[in-house]
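> As a plain string of letters, each chain reads:
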Amino acid sequence: MRLVHAMSRRFTVGFALAAGCLLTASRAADASSLDDAVVYSPVQASTLVSRRDLRFELGHVQRGACRLTFLAHRASGAQPRPVAIISSWQSDQGANVSVHRLVPPPEGDAAEMNVAMLEHLYAWVLRQDPVARFGFAEGTLECEPTKDNYSHAEFLRELARLRQDAVARAGHPGASVAWHVVSMAPAPANRASADEVGIRVMNDQGAMEGASIFFNRAPHSGCVAKSRQDGFATCQLVDQHGDDEAHSEHDKVPVVATFPGEIRAGRFLLPTTLVVQPAP
Amino acid sequence: MKKSHMTRSAAAALAMTAMGLAVGQTVQSELHRDAATRNVGGDPFMTQYARAFYCNLPDDNNQIVIASRGWNNTTGTGANAQYRIPLTQIFDDVWFIGNHYVGQYLIKTPDGLVEVDAGNTAGEMQTFNYPALQTLGLSATYPLKAVFLTHGHVDHDGGAKWLLDNTGARSYIGSADAAGKSYNPITIDSTNLAMRQMSIGGKAFWVLPTPGHTPGSTSAVLEVKDWGRTVRVLMNGGQSMTNSIPQVAQYLDSIERTYGMATVLNVEGVMTPHIYWDGEGAKLDEINATGRTNPGQHVYGHENVLRQLAVARECSAAWLTRLDTTAILPVWRFNTIEFVGGNPTPTKVAAKLTNGWGAAANRKVTFSVGKNGPACTATTNADGVATCDVHPLRPHKDQLTASFAGAENAEFVDLPAEATAQVCSNGNCKDK
Numbered sequence: 008m009r010l011v012h013a014m015s016r017r018f019t020v021g022f023a024l025a026a027g028c029l030l031t032a033s034r035a036a037d038a039s040s041l042d043d044a045v046v047y048s049p050v051q052a053s054t055l056v057s058r059r060d061l062r063f064e065l066g067h068v069q070r071g072a073c074r075l076t077f078l079a080h081r082a083s084g085a086q087p088r089p090v091a092i093i094s095s096w097q098s099d100q101g102a103n104v105s106v107h108r109l110v111p112p113p114e115g116d117a118a119e120m121n122v123a124m125l126e127h128l129y130a131w132v133l134r135q136d137p138v139a140r141f142g143f144a145e146g147t148l149e150c151e152p153t154k155d156n157y158s159h160a161e162f163l164r165e166l167a168r169l170r171q172d173a174v175a176r177a178g179h180p181g182a183s184v185a186w187h188v189v190s191m192a193p194a195p196a197n198r199a200s201a202d203e204v205g206i207r208v209m210n211d212q213g214a215m216e217g218a219s220i221f222f223n224r225a226p227h228s229g230c231v232a233k234s235r236q237d238g239f240a241t242c243q244l245v246d247q248h249g250d251d252e253a254h255s256e257h258d259k260v261p262v263v264a265t266f267p268g269e270i271r272a273g274r275f276l277l278p279t280t281l282v283v284q285p286a287p
Numbered sequence: 005m006k007k008s009h010m011t012r013s014a015a016a017a018l019a020m021t022a023m024g025l026a027v028g029q030t031v032q033s034e035l036h037r038d039a040a041t042r043n044v045g046g047d048p049f050m051t052q053y054a055r056a057f058y059c060n061l062p063d064d065n066n067q068i069v070i071a072s073r074g075w076n077n078t079t080g081t082g083a084n085a086q087y088r089i090p091l092t093q094i095f096d097d098v099w100f101i102g103n104h105y106v107g108q109y110l111i112k113t114p115d116g117l118v119e120v121d122a123g124n125t126a127g128e129m130q131t132f133n134y135p136a137l138q139t140l141g142l143s144a145t146y147p148l149k150a151v152f153l154t155h156g157h158v159d160h161d162g163g164a165k166w167l168l169d170n171t172g173a174r175s176y177i178g179s180a181d182a183a184g185k186s187y188n189p190i191t192i193d194s195t196n197l198a199m200r201q202m203s204i205g206g207k208a209f210w211v212l213p214t215p216g217h218t219p220g221s222t223s224a225v226l227e228v229k230d231w232g233r234t235v236r237v238l239m240n241g242g243q244s245m246t247n248s249i250p251q252v253a254q255y256l257d258s259i260e261r262t263y264g265m266a267t268v269l270n271v272e273g274v275m276t277p278h279i280y281w282d283g284e285g286a287k288l289d290e291i292n293a294t295g296r297t298n299p300g301q302h303v304y305g306h307e308n309v310l311r312q313l314a315v316a317r318e319c320s321a322a323w324l325t326r327l328d329t330t331a332i333l334p335v336w337r338f339n340t341i342e343f344v345g346g347n348p349t350p351t352k353v354a355a356k357l358t359n360g361w362g363a364a365a366n367r368k369v370t371f372s373v374g375k376n377g378p379a380c381t382a383t384t385n386a387d388g389v390a391t392c393d394v395h396p397l398r399p400h401k402d403q404l405t406a407s408f409a410g411a412e413n414a415e416f417v418d419l420p421a422e423a424t425a426q427v428c429s430n431g432n433c434k435d436k
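So the protein lines, in turn, are chains A and B.
The first sequence lines up with residues 8 to 287 when you count with the numbering used here.
The second sequence lines up with residues 5 to 436 when you count with the numbering used here.
Honestly, the hints are just simulated from the structure, not real lab data.
Certain hints may be false.
As the list claims (entries may be wrong) - Some, not all, of what chain B presents toward chain A, calculated at C-beta under 7 Å:
# : residue
1 : Ser248
2 : Ile249
3 : Asp328
4 : Thr329
5 : Thr330
6 : Ile332
As the list claims (entries may be wrong) - Examples of chain A residues toward chain B, derived with CB under 8 Å:
#  : residue
7  : Trp96
8  : Gln97
9  : Ser98
10 : Ala130
11 : Ala194
12 : His227
13 : Pro267
14 : Glu269
15 : Pro278
These numbers come from a predicted model, not from an experiment.
Using N, Cα and C, we set each Cβ at its ideal position, and we do this for glycine too.
Work out the full structure: start from the sequences and follow the hints.
Structure representation (structure tokens):
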């Protein structure tokens, strides 16, 4: 039977590149034994990315408990060249992600490449476990703790700041869409019900009204709320699968709030998350 | 560093981005919901079940899932006893037992029994499943050899410990769901996303880790017998999504890979633990009311299995793009191809390619006789029709296959389609 060729880009595009080339391209001299072949596939498209004409791809290598993800730019007719290497691993404290930014590849415009890299990183990090800890790695691509210890929301905010700086350095900040950070803070907890959840959502203009906030609690409880005029969004978690009685330790599980991103009055409000730890 | 000069293409890309920001935010999710509906192809059964349940969250219709959980009767008593389903034969070698919310599959092999999932509670296993296994011949010489657990939620493994303790069987579960389990399962590596074949209790399973519903959800394909014919059936490792971007992204990826598995293995049937999700509950009611049909009710057909997965993919994409409005995902379009005017003849070879959006124009269709026989490729016209001249064609001897290999761009993935028919002298093989 004929194999499916077109069901997904991941099925159709991809080629192997010896990881030694990656190391040549990177500054990570201490990772000497990356023998695996990296198979690249195009990144998921995102409205976060200004220059969608620049082709970026992702490749992965699993080295024991350490997963390396390569974000690479692929110039026309050329091999992918990594611009960032992301390591993900589990420690006793939970999931960890560190991002190692590489020197922008020489081809094309380095400043714009830097902007694109940060935009792709934002899109990629948004899809990672929001309960993980994040940081920037320097000089290594191994799965080792970094000096940073950002939450998901903090790391996204830092990427947004770096991206705005990079846009300014690129010399034509007006040509790129301006990003606006949205932040969330926990609302006072209702101790009578672990299922009642709430946050307050704000942007640089103050409390945000009408923002959709998605709440999630493992394994599969959720609810959606619109923020009120004062920015508060609250709702009652509902088990979406139907076996909530089987999960008796709800009051020990964090709730993740997600703001999905929004265009408002021509302003691009960035998607973000907030991890609300259960009340002690 | 060289000062930047914006190229014309870069400026155009930025302009498109700004436009895309405004458009993408509201359109993406609705685009995928609409695609899920279109991919149903007008099938009322799929509309009532797979389309409704896979899209429960993007449709803002989770109520149908919550209502279904009310059917989860584990005792056979009380108001919901009506939702219990007795031991029901669905294939020559497979029986279902459970309720209208969730159930288990009991598979007979030459050397013993294999069970898929282990119910909600020990009591459920003791009251229903153990006697059912005895009915199917459970004994010291015909043991329960293994229990395959689709994932680690309690409605799937709540009775596992009792079942294993009382039969001596071993259990198998995705490694990412194995932590803290009291029944000491054998693990299937959830970090290796590749499809592979493994023996579970002597029965060959093609397993595919499909995280998303849980980290350790595992889907599988296995061969069963339907009135003597070998049929491959799909067990979906876990349905229903959460409000978590990474989990829904995994779920989406898992469905795409499941589509790939169902395609390459030519899957024709379904055996899903949550039978309300894809209409298997209605099929079981039909079996118990009027008996097994030939082919059996759980043989949905290869095209319908794939169509259902394409619907599921679009529902997942609709939800992911609600949770992350910046994500842009191409729409999967499910295509069908059929010969024009009945069977092909030596002088008339034409096939029409369509999908939920209408005729598929400007697509390449290849007509071929076997692997090495004559072949011809043509492009579909505005009506979706490709016409070719294939020589030689032998009426009543040759089988002609029309195939579309698929196509894609940034907006769409047009899924492959294929149809095979016998070549006739005049378009009607009954009149030689």
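> Each of the hints needs a verdict: does it hold here or not?
Status of the hints after comparison with the structure:
1. Ser248: holds, 5 Å
2. Ile249: For B/Ile249, the interface hint holds, since the closest Cβ of chain A sits about 6 Å away, which is under 7 Å.
3. Asp328: holds, 6 Å
4. Thr329: holds, 4 Å
5. Thr330: holds, 5 Å
6. Ile332: holds, 4 Å
7. Trp96: Violated, about 12 Å.
8. Gln97: violated, 11 Å
9. Ser98: This hint is violated: A/Ser98 lies away from chain B, its Cβ roughly 15 Å from the closest one there, beyond 8 Å.
10. Ala130: holds, 7 Å
11. Ala194: At 17 Å from the nearest chain B Cβ, A/Ala194 fails the 8 Å test, so the hint is violated.
12. His227: holds, 5 Å
13. Pro267: The hint holds - A/Pro267 has a Cβ within 8 Å of chain B, the shortest such distance being about 5 Å.
14. Glu269: Cβ of A/Glu269 sits 7 Å from chain B, so the hint holds.
15. Pro278: A/Pro278 check passes; min Cβ-Cβ to chain B is 6 Å, inside 8 Å.
In this structure, the hints that do not hold are numbers 7, 8, 9, 11, in rising order.
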